[in-house]
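Colleague: Given chain A, work out where chain B should sit, using these hints.
Respectively, the protein sequence lines represent chains A and B.
The numbering of the first sequence is the numbering used here, which starts it at 495 and goes up by one.
The numbering of the second sequence is the numbering used here, which starts it at 495 and goes up by one.
It is possible that part of the hints are untrue.
If chains are identical, the list can't say which one is meant, so a pair holds when it fits in one copy or spans any two.
[What the hints assert, rightly or not] Derived DSSO-like pairs: lysine-lysine, alpha-carbon spacing no greater than 30 Å straight-line:
| id | residue 1 | residue 2 |
| --- | --- | --- |
| 1 | LYS726 | LYS618 |
| 2 | LYS742 | LYS753 |
| 3 | LYS830 | LYS618 |
| 4 | LYS705 | LYS615 |
| 5 | LYS565 | LYS615 |
| 6 | LYS694 | LYS791 |
Note that these hints are calculated values from the structure, not bench results.
Protein chains: 2
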Amino acid sequence: MTATKGYAVIAPGEAIEPFSFVRNTAGELDITIEILYCGVCHYDIHQARNEYGNTHYPFVPGHEIVGRVVKTGSAVTRFKIGDLAGVGYFIDSCGHCQPCRSGLEQHCEVGLTPTQNGTDKHGKPTYGGYSNNIIAHENYAVKIPETLPLPGVAPLLCAGITAYSALRQWGIGKGHEVAVLGLGGVGHLAVKLAASMGAKVTVLSGSSSKKEDAGSLGASGFILTSDAEQLKAAASSFDFIIDTAAAKHDYNRYLQLLKFEGTMILLGVPPEATDLVAYHLISGRRRITGSFIGGMKETQEMINYCAANGITADVEVITPDKIEEAFDRTVSGAVKYRFVLDMQETKNEEQS
Amino acid sequence: MTATKGYAVIAPGEAIEPFSFVRNTAGELDITIEILYCGVCHYDIHQARNEYGNTHYPFVPGHEIVGRVVKTGSAVTRFKIGDLAGVGYFIDSCGHCQPCRSGLEQHCEVGLTPTQNGTDKHGKPTYGGYSNNIIAHENYAVKIPETLPLPGVAPLLCAGITAYSALRQWGIGKGHEVAVLGLGGVGHLAVKLAASMGAKVTVLSGSSSKKEDAGSLGASGFILTSDAEQLKAAASSFDFIIDTAAAKHDYNRYLQLLKFEGTMILLGVPPEATDLVAYHLISGRRRITGSFIGGMKETQEMINYCAANGITADVEVITPDKIEEAFDRTVSGAVKYRFVLDMQETKNEEQS
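Chain A extracted, bound-state conformation:
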């Protein structure tokens, strides 16, 4: 059993607060990670506030985790004590279904174990990375090189792989006109990654204040989505739209920006249904699809790609007493571009 100090929403509508709990005994293939940094993803907020209606309380958020291995099970071969390790959206899957065998563990047909708000194989609730340690099967953690700035690495574990996997699935790169809708955690990484892969990137944002930032992230174009004239001028101009908006928004106005047979890839999961007008798909054979994080092999590949290309998230590091404020500012878009919790001062009581 591992004593853990974390932060939880104890019941619906309450603010997040300190929460001590005990993690399962680590198994022979598990590594125990002392958490250094954990990103604050919009999804954490949806769940903390029960916006999908499926939150189990107490709820400990956190699935963009970077830390150092402090203990290894007897059969662990991929990590040794002292290594940097990353954990993302899930800490387990069945391992034997067709998606798991194909490196698509995120689409496990038997049952993925999410890092937060899930149920582990012992039948216990999973508590996320707003805490000082986590236990993961070694196959569900990735190696983090020592060369990258760690606060900016944490968001790669969910936001980064979400953008990276979509770009790779669709072979996005040189010769493609790509729009990125929303310049938040996923969006700003989508801009950096797509530009690094050779695509011509345009940011679609509701805030003109983001125009300059879009350029410094690597975008060559900017469209203010509240300006109907700018949208009209951009009709039928993109091969892909990477839609990172997590709040409900109108797909139809953006579908019209796609070229013939262009594709809009949804990465955000608005809790509410959205109106879809079939005409916008039929008139240009346009496509909507979605993508969900990435598999373990692809997540490691993304980390290695980011290390090779010097890509990390732009972050604002906060201490755990600022989580509620960070939630509110994330919802209102007032962050460049991801809050990251510094967990290094969070010690177990016996240690303090």
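Modeller: Here is chain B on its own, set in the frame of chain A:
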């Protein structure tokens, strides 16, 4: 000028009635077709009843036209007097934009001239095939072989090409599990065509009475869409769903029937927006797209394919006095599977 006797809805809310009008003088590249049969498409009803809010009255419907060439312009080379000819959704396009040059005239960027409810290059309204003749540029008509039963050919010009083009675009055939949603004009042809191409076809229908018919059309499976258990049992089982429903319906319940990376192809154009839940696309990388009729080359290819494979629509032939009844029965799905107007008794007054 060509005197024409047809049937029109004169003003919103009125019943269709006899309507005499004059067509443009035929040009040197035009053919004049004496109409034998014209299919009754659900789209005609949407427009007759102004359900898209863009109907110009008087409105003469009809864009599934088969007839015999009675006059050819001086420069016409593809048709001669006495040939059978077919006209579908459009009678003209710019001819020089990129889609037109690629055989995708239906996606003309300059302006398609629909056979009905459009405006032709002379600035005059276009009147459709619920009439005794039509004039078309020879490049916008297809050759019809004498070997096929003509009433069943008429619906191929819109319903048939709509299904055929979608199947060909996505390379549907042997090894694919294909669901066809809706067993109307387009749906029953989608079943026949997909089965003829080697796909394993399942019909999704709200009416258990269609089960037997589904089998005789070539489907090997049938799912009653009102039965939640049947839908649940079919989760993640189709590579493609060909969605032919023209009235508003819930996409989300059907998306769940798609396999990982499966595609739902919308062929119907419900006048209202439909709720889309992003989760259903994201969780299995599923895709929604649409397809719109086909180009002229592909339409001829479809006619030739149908002739080679003995495929025509199953139709109920009616005289023009039954159009309103046919509209109502089409909306309620009480037709197997397409009404086709016999226009042979509709003569101009000077001829009668």
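Colleague: Against the earlier hints, flag every one the structure doesn't satisfy and list their numbers going up.
Modeller: Per hint list: 3 and 4 violated.
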